[in-house]
Amino acid sequence: MGDEQAWIGRARSGDKEAFSRLVEAYQTPVYNLTYRMLGNSDEAEEAAQEAFLRAYSRIKQYDAAYKFSTWLLSITSHHCIDRLRKRRLTWLSLDEPLPAQYAAHLASGTPGPEAQAVRSELEDRVQELIDALQPDYRAAVVLRYWYDMSYEEIAQAMQTTVSAIKSRLFRARKMLAAAQTTGTEMAEMV
Amino acid sequence: MTHEEAFSLMMDALDGALAPAGADRLEQHLAACTGCRAEWSALQLVDDLLAGAPTIPAPAGFAGRVSARLVAASWPRTLGALFTLSVGSVAALLTVAVPAAVVLIATWAALSQPAGFAQLAIGLQQLARMGGAVLGASRTTLRILLVETTGSPLFLSWAVALGLVLAAWAHVLGRPAPVRVRGR
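Here the protein sequences come in this chain order: A and B.
Residues 1 to 190, numbered by this note's numbering, are exactly what the first sequence covers, in order.
Residues 1001 to 1184, numbered by this note's numbering, are exactly what the second sequence covers, in order.
Simulated from the structure, these hints should not be mistaken for lab results.
Quick reminder that beta carbons are idealized off the backbone N, C-alpha and C, glycines included.
There's no promise every hint is true.
What the hints assert, rightly or not - Here are the computed lysine to any residue pairs in the SDA-like style, where the Cα-Cα straight-line distance is at most 25 Å:
no., chain 1, residue 1, chain 2, residue 2
1, A, K166, B, S1041
2, A, K174, A, G39
3, A, K166, B, S1008
4, A, K166, A, E121
5, A, K67, A, T160
6, A, K86, A, Q159
7, A, K16, A, G2
8, A, K166, B, D1048
9, A, K166, B, A1023
10, A, K16, B, H1171
11, A, K166, A, A155
12, A, K174, A, V126
13, A, K166, B, E1004
14, A, K166, B, E1005
15, A, K166, B, E1027
16, A, K86, A, R58
17, A, K67, A, Y137
18, A, K16, A, E50
19, A, K166, A, Y145
20, A, K166, B, M1001
21, A, K174, B, E1004
22, A, K174, B, L1049
23, A, K174, B, A1006
24, A, K67, A, A155
25, A, K174, B, G1035
Stated by the list, open to error - Some chain A residues judged to face chain B by a derived CB distance under 7 Å, without partners named:
no., residue
26, Q27
27, N32
28, T181
All chains should be modelled from the sequences, with the hints used to inform the complete structure.
And the structure:
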């Protein structure tokens, strides 16, 4: 932590080498967030790079009273939300039946003979569930589950209120549970 | 207990914030309500899936690529500063060197003539007149530019267009292209 504050202090003075140390320390949390938010590795890398560049250009605005990781993940999640909004994709509606392949994924409760393949399927399943959420809900879910952030920290990172975050997580979990139920029912019909 | 109240208790349970009294109430409701029981199962399954999902590590060389972009982002400014410094230095040098060379040449030429000092005085007078003429012309040009033309719509349009072009150019130079890598 002492090192981190020193790197931040030097980076504030324009020391790129010091900021590179921060990049090394936080590259995985930032990349994981962009990957979970955006769902593909190419765009995740580009977004993670951009998030670090934005953090560097705004580092003088960082308030040391808060955790640096929360500040950095806040920049990252906002950047991802902006990207998702610009995509203008047709989102997979949770109210509609899920594709049969997805439904089969959801229903597979027991591991298959190839552990690696099963793990990959599980990861795909998790990503598909997250991808079905709208950007604000997605960010709240990812920050809650992968970063173990409290409601207060998520609210701080997303620059909103604790009650708004509670509401988003409440609705997101409800949607995910509905998707899970629908997927299982479809798989049983297949 | 309504379904919404039950769902709220389920949220608390998932966050590890459910008091024992609430847990008892939820348990009683789940025992009697098939729909909420199914929803609770689905919620727990999703919660387990998300909680067990791995963190995806940054790809190899990621930090290096960010550092490269940091350096690339600062290049246009550095180049701009170097260009300005170079032009300024050359201009300053010329401002001092040219009059000095003229004075030296005139002095040397004057001293090598029989009536050297008289001619030197004449040369210096001519130099002073030339300087005065240059200053006068500059002042007139500046006055025309600042006073007479700035009021014209044509000049204002030109100045705005020039400003926009310069701003766009600076914006383009200030945005480094992302370093792309092959997908994993």
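* Asked: Does the alpha-carbon distance linking A/K67 and A/Y137 stay inside the 25 Å limit?
  -> 22 Å, holds
* For the pair supplied as a hint, A/K166 and B/S1041, confirm whether the alpha-carbon distance does not exceed 25 Å. => 21 Å, holds
* **Restraint check, 7 Å cut-off on beta carbons, for A/N32 near chain B** => At 5 Å from the nearest chain B Cβ, A/N32 passes the 7 Å test, so the hint holds.
* **Agreement of A/K174 and B/L1049 with the hint, judged by alpha carbon distance not exceeding 25 Å** => 15 Å, holds
* Given the hint that A/K86 pairs with A/Q159, test it: the Cα-Cα distance must not exceed 25 Å. => Cα-Cα ~20 Å, so holds.
* Taken at face value, is the distance from the CA of B/D1048 to the CA of A/K166 at most 25 Å? -> Given that 25 Å is the threshold and the Cα spacing comes to 19 Å, the pair holds.
* Asked: Regarding the pair A/K174 and B/A1006, is the alpha-carbon distance no greater than 25 Å?
  -> 12 Å, holds
* **Given pair status - A/R58, A/K86, alpha carbons within 25 Å** => 23 Å, holds
* **Given hint A/A155 paired with A/K67 - CA-CA distance at most 25 Å** => Distance ~13 Å between A/K67 and A/A155 Cα, so the pair holds.
* **Proposed proximity, A/E121 with A/K166 (alpha carbon, max 25 Å)** => Status violated; Cα separation ~30 Å.
* Starting from A/K166, check that the Cα of B/E1027 is at most 25 Å away, please. => Answer holds: A/K166 to B/E1027 is near 23 Å, not above 25 Å.
* Verify the proposed pairing of A/K174 with B/G1035, using a straight-line Cα cut of 25 Å. => Distance ~13 Å between A/K174 and B/G1035 Cα, so the pair holds.
In summary, the one numbered hint that this structure violates is 4.
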